[in-house]
Amino acid sequence: MLARFRSTVRRRTLAPTLVLATLACPALAQDAVLEAARDGGTGLAPPPPPAVEIVPNTPPPKEHDQDALAVLDEAEKAIDELESFRATLALSATQWSRDFADQGEVSVVARRSPEDREQWQIRLTGELMPERSRDRISIDAFFDGQRMRWVDPGEERIGARILPVRMRTTYFDTPIRLRDRLFTSGKSIEEIRSSTRVYLDERQTIDGVECEVVVGEPGDGGFRFELFVGVEDHLPRRYVHRIDMTQMGVRGTSVADYKELEPGVRVSDAAFVIPVPDGWFEEQFPRPVTPGVPVPGNTTEDGTPEGDGDGAMAAEADGTVSGGDDSDENQARINAGGANNQGADPNTSVLTATPGDGSTSPTVASTNRPTTQRPRTGPAPTGEIEIAPDFALRDKDAQIVRLSELAGQRVVIVFWGSWNPWARSLLGELRPALEDAENTRLLVLGVRERSEAAAREQFDRQTGPGTLLLGAERVAADYKVDAVPTVVVLDENGRVLLRHVGFAASESPVERIRAVLGISGG
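Residue 1302 in this note's numbering sits at position 459 of the sequence shown, with consecutive numbering throughout.
To be clear, the hints were calculated from the coordinates, so they are not data collected in a lab. Some hints could be false.
Below, in silico cross-link-like pairs of lysine-lysine (DSS-like), each with a Cα-Cα straight-line distance of 27 Å or less [stated by the list, open to error]:
(1) Lys905 <-> Lys1102
(2) Lys1030 <-> Lys1239
(3) Lys1030 <-> Lys1102
(4) Lys1030 <-> Lys920
(5) Lys920 <-> Lys905
Small disclaimer: the values here were computed from a predicted structure and weren't measured.
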């Protein structure tokens, strides 16, 4: 009890003493506060610790050997002056990087584009094992500036598409990686120049050519780039990427060799022709423009595609799907004058050819390829309007829904994906708008769904009419669908009344769809 009393008196009487001490001597006051804090506290907070100077995390200064930079300068100059070449690109990898690098050999034929010297025309052919794969594939691809054509043996098709796009199929993605590894892309030289340390290593001979060896080492360590440049012609002969992060269990090397490099050879137009074998089909995205043959309801007054984000379908390397606004791809289509929304040859059905979006997986089954078309039973209301191809898909009850069996009804087909926000928004407006539509059937064709259960759940969240049919990738290809959402409206005889691609809330196509169907009201 006595000890508690003394402690109380000390706390009550110490504070005035500290005030006086602060006035007389600030240094003594600070010592008193610290002593009081150690001796039971006074209610006064101790002074803040001294400020710590924060030094910015500046990168270490670059160590660039001038002789090494001169070799890179000569290489860039030699590439800039090069007009054409042939070579065999040999790709190999060791240890860890074996799973993350393409392996094999491809023949390369390249020349400057006659229309634009800044662009290269490149043909890649050969067999290799793609990264993250254990199966060898045959590669045949042609790049012409921003357009690529490729052979897909799995689907028996020739594809063509404007770059860049978000697509990750094997026969599309692998040639793009190969193109980017060529010295024409400048990527190897850029990686070395951006390194913290750049220097020359001992000369080596590659494929009978004496080469300077330029080494680049990033400041974070663990990586090393090596470029082997011919002493005489200054053209790259080998590019090596080494990674050594032993503490993380990561170590490996990937190598790209130019074998039998022939600079300046004559390359004819025939070198870039990819023939279409019998029984194969050919597709292009955006589709070629044929003046005067627009598909009804696809474009705005200035000829550009409607919608601000049509969310083109995109398949990832593992077969999963990403969706949303493919802005780069969308812009490429707009730059092409809205070609993806224009009709093709008037003698060829807009809908019966078999292009898809270029992202169809080579493993997609072809059980839904239509073999017949629904017959016309009357004249087309406005000129020549195409007949929709037939298809058969199963609904949630495993019942087959066949388009040809819906003759006599108007049909609204929506190519849809639960992964695509624009498709979800369009369907959310369209289903209630068709509630009072007589003799009309709404078919919602799901494409590239990760999970059927998740797709059905997303579909059931919205109210209104409609039948969800999944696994419609092949049907989408037959209907030339290169973007989701796409709406196709058919009359009672299966004739196409309207085709609309994309969705923008500010320019919703729902009222136009209702008008085509003769549904009054807002």
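So if I understand the rule, the pair passes when the alpha-carbon distance is 27 Å or less; does Lys1030 with Lys920 pass? holds, 15 Å
Going straight from one Cα to the other, do Lys1030 and Lys1239 come out at no more than 27 Å? violated, 50 Å
Would you mind confirming whether the straight-line C-alpha gap from Lys905 to Lys1102 stays at or under 27 Å? violated, 33 Å
Hinted pair Lys920 and Lys905, Cα distance within 27 Å: holds, 23 Å
Given pair status - Lys1102, Lys1030, alpha carbons within 27 Å: Holds: Lys1030 and Lys1102 sit about 19 Å apart, inside 27 Å.
Of the numbered hints stated above, those contradicted by the structure are hints 1, 2, listed in ascending order.
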